[in-house]
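Participant: Assemble the whole structure, with the sequences as input and the hints as a guide.
As a plain string of letters, each chain reads:
Protein chains: 2
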Amino acid sequence: MADTDVKELTTDDAPVKARGLEGVIALESKLSSIDGQKGELIYRGYDINDLAEGACYEEVVYLLANGELPTQEELDDLRQQLRNERVLPTPIMDILRNVPDDAHPMAVLQTTVSALGQYDAEANDMNEAANRRKAVRILAQIPTLIASFDRLRKGKEPISPLDHGSMAYNFLYMLNGEEPGEAAERIFDVCLVLHADHGLNASTFTGRVIGSTLSDMYSAIPGSIGALKGPLHGGANREVMRMLLEIDEQGADPAEYVKQKLAEGERVMGFGHRVYKTMDPRAAILRDMVKELSEKEGEMKWYEYSMAILETMREDKGIDPNVDFFSASTYYQLGLDPDLFTPIFALSRTAGWTAHLLEQWADNRLIRPRAEYVGPKDRTFVPLSER
Amino acid sequence: MADTDVKELTTDDAPVKARGLEGVIALESKLSSIDGQKGELIYRGYDINDLAEGACYEEVVYLLANGELPTQEELDDLRQQLRNERVLPTPIMDILRNVPDDAHPMAVLQTTVSALGQYDAEANDMNEAANRRKAVRILAQIPTLIASFDRLRKGKEPISPLDHGSMAYNFLYMLNGEEPGEAAERIFDVCLVLHADHGLNASTFTGRVIGSTLSDMYSAIPGSIGALKGPLHGGANREVMRMLLEIDEQGADPAEYVKQKLAEGERVMGFGHRVYKTMDPRAAILRDMVKELSEKEGEMKWYEYSMAILETMREDKGIDPNVDFFSASTYYQLGLDPDLFTPIFALSRTAGWTAHLLEQWADNRLIRPRAEYVGPKDRTFVPLSER
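Sequence order for the protein chains is S and V. Going by the working numbering, the final residue of the first sequence carries number 387, and the count climbs one at a time with no gaps. Going by the working numbering, the final residue of the second sequence carries number 1387, and the count climbs one at a time with no gaps.
Hints listed in this document are in silico derivations from the structure and should not be mistaken for laboratory results. Some hints here could point you the wrong way.
On the chain S side, residues computed to face chain V include the following (Cβ under 8 Å) [unchecked claim]:
#1 S114
#2 S215
#3 L245
#4 K317
#5 G318
#6 I367
Quick list of in silico lysine to aspartate or glutamate cross-link-like pairs, EDC-like style, CA-CA up to 16 Å [said to hold, decoys possible]:
#7 V:K1377 <-> S:E40
#8 S:K7 <-> V:E1028
#9 S:K377 <-> V:D1012
#10 V:K1007 <-> S:E22
#11 S:K277 <-> S:E40
#12 S:K377 <-> V:E1008
All C-beta atoms, glycine included, are put in the ideal place defined by N, C-alpha and C.
Facilitator: Set out below in structure tokens:
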């Protein structure tokens, strides 16, 4: 989309109606750019392929928040700040201990991130420096929240976070109780890089709408988490895995399985995207990673099911997979529970959510569209006794 | 705004850019309509003046959710459902007991509404009937959450909800420990009616964006609460009271106080509205109520300060007060703490939030605008060791 094609609405113009806000530009951003025709995603001017290959997640966190890739010193400093904030306040751990074992992990994440604000003395301080510190705290504590919840529901004690290692390394350690191998850490780290930001998706947009009222970061991020939970957004990766597991359990032919779903008018999760008209570049990176991981572990079936589904969807519907499609089998091959896939997406996207909030507040404007009223008009009120 | 003036965007059109989404219609709604030129607000076709005079809050809850005013039998049934759901699950009361006394009431409300979902077996059931039951539960429990939090932070035991009485009556009882007089109940009930819905404001819009991913009600409402907390939205009524109290403490002349604020380039809260170009009809209703309440109690100063500020703002800036301006002194005269004003706004608006979610899900479409990327392009990645 060339900038010259964009029509800017002035107060003199007639209102524009766009259901779902498709085709509407709500704000300007310097964070990430998606070229749906070319299948291109950039963060702060850097191509996602370069970042996935050459940068770790913490570098991307720094890049999104500051606009530049960090020097070694800046990166070390950020890493140390993140490590310093990994431990949860005791009352938050108490909430996690009391949550029912069958609670939805995204619901628990929403509740506890919201609760974290009550133990942060800077929660309502809207100074930029305070907001940057809060962004680091939230990002550092989300992995501990997810891992602690997962262990508690399995009847295990939470594992205290390490005071060393990357976010990817520490998270896998807190989840499994053993330090991860280099390959697992690297793959997981790349997944975090790939999911860190993606334009004005529904959860990021939610956060910016909340932030635009000058509400605080601990109030906005739970809104983003709530949006990401939805199956039309982050919840899709869990649904993709559910499908792959169902195919495996039934011993079904993946292509036939998908054809039948389509014939029944059902949605096949992990395909299509409002913005990409070609293959999502993140899906391509993940596809290659799943293949490599599968070959290494000598377990090709998830990759094979995925490729068979991909071919069928391309042939029958002409649509390509999105990031959720291959992240499902990647996480599964890493030994992660399917219902943690969306919380892990949240973990990664917190980098984008918090950076978008900083950007929103640097030049704030309330985000408030209108609804078109299509209901009855001029009704005469009838008192209760006469109804 | 006549419908004929609206331009509907098609996929062939160039993207439209509208910062803050001003002038953009994001969806169709049958819930409420605002005529900013005439200063008119209607719910489901009924004028807000008629509803404030003739209907109680529970009738409005029914109207917003169902599109029709209830018969006596339908109203009795809804009232009974609401009464049945007033008691909080024990683990929620435990969370409230552990919250720091100085926590922000809106933050606590967000955390606990999110947590309620973990104790509702229907939390993730997206069936319409289940969603309607959840709307009733959330609406019934929010007053108990607010009143219990307020008592606990004051070192008092929470008061169990009554199994009779209106929402207004029961809430004031749980807060103060004594049954309210008829006048207080009536005034408070009118306040609930006035704040129940208001088009696609930022908190309602937030809820619909979250809901549009097919996330659930317990995930969406906390997002709305987060948005309402902001001083550019629901947080304004608390700021208005802060100003009135400051004027009183300083013994300042209200008109001079406001002139000085304006001269210093500060914002005077409770004035102006993106939609109303004349006086907000809710402000007019509340103004008359504050006057009556003040005369009855023989304490005119808050009304007098307010009117002096109103005149000054009209003369100097040509802008009218909005609903927050007079709700502040109304709630204060009813003996409510200023930092509960926004939670009470949330209590009332939950009627609108939940009805908007039901409407969203009845004909869902993902709400996802775009951002215009204005950052750097085509940057060459430099590895960490070379930075």
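Participant: For each hint, tell me whether it holds in the structure or not.
Facilitator: Cross-check of the supplied hints:
1. Checking S:S114 against chain V: minimum C-beta separation of about 4 Å stays under 8 Å; hint holds.
2. Below 8 Å, beta-carbon pairs count as interface contacts, and S:S215 has one with chain V at about 4 Å; its hint therefore holds.
3. Annotation: S:L245 was flagged as interfacial toward chain V, and the flag is violated, the nearest CB pair being 19 Å apart, outside 8 Å.
4. Using the Cβ-Cβ criterion of 8 Å, the hint placing S:K317 at the interface with chain V is not satisfied: the shortest such distance is roughly 18 Å.
5. Given the 8 Å rule on beta carbons, the hint for S:G318 is violated: about 17 Å separates it from the nearest Cβ of chain V.
6. Annotation: S:I367 was flagged as interfacial toward chain V, and the flag holds, the nearest CB pair being 5 Å apart, inside 8 Å.
7. About 12 Å separates the Cα atoms of V:K1377 and S:E40, which keeps this hinted pair within 16 Å; it holds.
8. Our distance criterion of 16 Å between C-alpha atoms is broken by S:K7 and V:E1028, whose separation comes to about 23 Å.
9. Proximity of S:K377 to V:D1012 is assessed by CA-CA distance (about 33 Å); at most 16 Å being required, the pair is judged violated.
10. About 14 Å separates the Cα atoms of V:K1007 and S:E22, which keeps this hinted pair within 16 Å; it holds.
11. Proximity of S:K277 to S:E40 is assessed by CA-CA distance (about 11 Å); at most 16 Å being required, the pair is judged to hold.
12. Proposed proximity of S:K377 and V:E1008 is contradicted: the alpha carbons are some 22 Å apart, above 16 Å.
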